[in-house]
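Model the placement of chain H on the given structure of chain C, informed by the hints.
Line by line, the protein sequences are chains C and H.
This note's numbering puts the first residue of the first sequence at 1, with every later residue one more than the last.
This note's numbering puts the first residue of the second sequence at 1, with every later residue one more than the last.
Subject to a maximum C-alpha distance of 30 Å in a straight line, what follows is the list of computed DSSO-like cross-link-like pairs (lysine-lysine):
id, chain 1, residue 1, chain 2, residue 2
1, C, K98, H, K60
2, C, K32, C, K57
3, C, K98, H, K61
4, H, K60, C, K201
5, H, K61, C, K201
6, H, K115, C, K329
7, C, K198, C, K306
8, H, K25, C, K151
9, C, K198, H, K115
10, H, K60, C, K306
11, C, K307, C, K329
12, C, K298, H, K25
13, H, K115, H, K60
14, C, K201, H, K115
15, C, K298, C, K182
16, H, K115, C, K247
17, C, K98, H, K115
18, C, K181, C, K306
19, C, K31, C, K57
20, C, K98, C, K305
21, H, K61, C, K198
22, H, K115, C, K306
23, H, K60, C, K198
24, C, K305, H, K60
Hints listed in this document are in silico derivations from the structure and should not be mistaken for laboratory results.
Every value quoted in this text rests on a predicted model; they were computed, and no experiment measured them.
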Amino acid sequence: MGVLLENFTTVTFPQVAMWIIGGILIFLAIKKEMEPSLLLPMGFGAILINLPNSGAKHIIDVMFRVGIDNEFGELMPLILFIGIGAMIDFTPLLTNPKLMLFGAAAQFGIFFTLCLASLLGFDIRDAASIGIIGAADGPTAIAVSMELGSKYIGAIMVAAYSYMALVPLVQPPIIKLCTTKKERLIRMDNTAGKAPSKLTKILFPIVVTIIVGLVAPDAVALIGFLMFGNLIRECGVLNSLSETAQKVLANLVTIFLGITIAARMRAEEFLTVDTLLIIALGLFAFIFDTFAGVMLAKIMNIFSKKKINPMIGAAGISAFPMSARVVHKMGLEEDNQNFLLMHSIGVNVSGQIASVIAGGLILTFFR
Amino acid sequence: MKFTPHVLGIFTDIYGSFDAMDLPKALLVAIVGFMTVLLVLAMIALFIRLIAFIFSLIEKKATVEIIPVGDSDKKETAPQKVGVSLPDNESQGELELIGVDEATAAMLMALVSYKTEIPLNRLAFRSIRLVEDE
Chain C
1 MGVLLENFTT
11 VTFPQVAMWI
21 IGGILIFLAI
31 KKEMEPSLLL
41 PMGFGAILIN
51 LPNSGAKHII
61 DVMFRVGIDN
71 EFGELMPLIL
81 FIGIGAMIDF
91 TPLLTNPKLM
101 LFGAAAQFGI
111 FFTLCLASLL
121 GFDIRDAASI
131 GIIGAADGPT
141 AIAVSMELGS
151 KYIGAIMVAA
161 YSYMALVPLV
171 QPPIIKLCTT
181 KKERLIRMDN
191 TAGKAPSKLT
201 KILFPIVVTI
211 IVGLVAPDAV
221 ALIGFLMFGN
231 LIRECGVLNS
241 LSETAQKVLA
251 NLVTIFLGIT
261 IAARMRAEEF
271 LTVDTLLIIA
281 LGLFAFIFDT
291 FAGVMLAKIM
301 NIFSKKKINP
311 MIGAAGISAF
321 PMSARVVHKM
331 GLEEDNQNFL
341 LMHSIGVNVS
351 GQIASVIAGG
361 LILTFFR
Chain H
1 MKFTPHVLGI
11 FTDIYGSFDA
21 MDLPKALLVA
31 IVGFMTVLLV
41 LAMIALFIRL
51 IAFIFSLIEK
61 KATVEIIPVG
71 DSDKKETAPQ
81 KVGVSLPDNE
91 SQGELELIGV
101 DEATAAMLMA
111 LVSYKTEIPL
121 NRLAFRSIRL
131 VEDE
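Isolated chain C (complex conformation) (with noise of 0.2 Å):
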């Protein structure tokens, strides 16, 4: 008996506030389907990990050594990242390659919390990481805050999926306040271009693999398990092995991704100012990605004779498909027949693209 009331008796206002913050992202998985794949086990988690004498606790951390943190690298987010690969379609860049340009300047938010994370006190390192919220990418920001040893991979995640699953709350008034009515209503060519041979789909993951190899060495994880994914999809040989990336390893390492990261939601470290502060900049990655986004758009149509939609830049922030729709669903609501949805998705994939290059130079800058 004595047992049995000595764990209610150790029970500290900071673990019941961690199961009300575990409560917090089980509803909002559920009640509102933001992000429920991660935030439901990562919720979840985060009450196992917080209960008095916990059992759970060596176990979590145990997968946690395996799948994330070990001296080999960071296993779970790579192994998702082959299934994110092969659920990507690059047709649509592949079009229309100028779009690429756009997942570039979405990652301008990246910087610049990396920036203002230093300036408010944080190392270079965890600076890094923090930055790594902006890429819109919970794999990316994973690999990239472990990599370089972020003690604030709790924070991290929670912020990056949180603002991930708010991307309809938080870009629409950023893209409002950047662009005119007038600018919203532009409507684009729609009209396929010439559909991409499958030898250049074929070759696409292999060169950008090299390309980005060469330039970042350290983004070869990232970048090369991503575009194997995509080179099982699009080889036309493997269709089975496609369909299981996409599906059964996905969802597998998604389930136990979300639980492990609870092993640094642990109540004594999640429960400090630094995390309110990574909530915020992580708010502010997400916002200045969008503007970056929306303003290159801006700066490409004065001197373009063919109008791009500044709206569709706002797609590149990665976070795919659920910007692409964001974009779209705008353009509809302005105008209901200029369809942004082939644009948006394009500059979306490239995003994701541009996204894990970044992951892979602060990598390379910092590590």
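Here is chain H on its own, set in the frame of chain C:
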């Protein structure tokens, strides 16, 4: 020979510390990092353009040797000029329509062309027949 420039380690080499940065250093990191991402993506975009260009050259060469699909009798009497092919979205020849109007037939042909990724000028349709449900 080492191809990868070591210059990317510039920040840690120059400042030799992982402490927080002051504003000029932070700006330098941000600008160089951002510009590098932009440059790499521009390189990839150029690669895509290059591949597309090479393919269009190969296709042009190939069309020189292809006589457009058409009526075989007409070919004997009035052969097409070598090197002149129909535009990708056009076709010629005779097609038997059975229970199908022209608009529907055109739509079906366009769909087949799109799905097979074979331009219409390279496809020959003999007939399109309406199949009634039992």
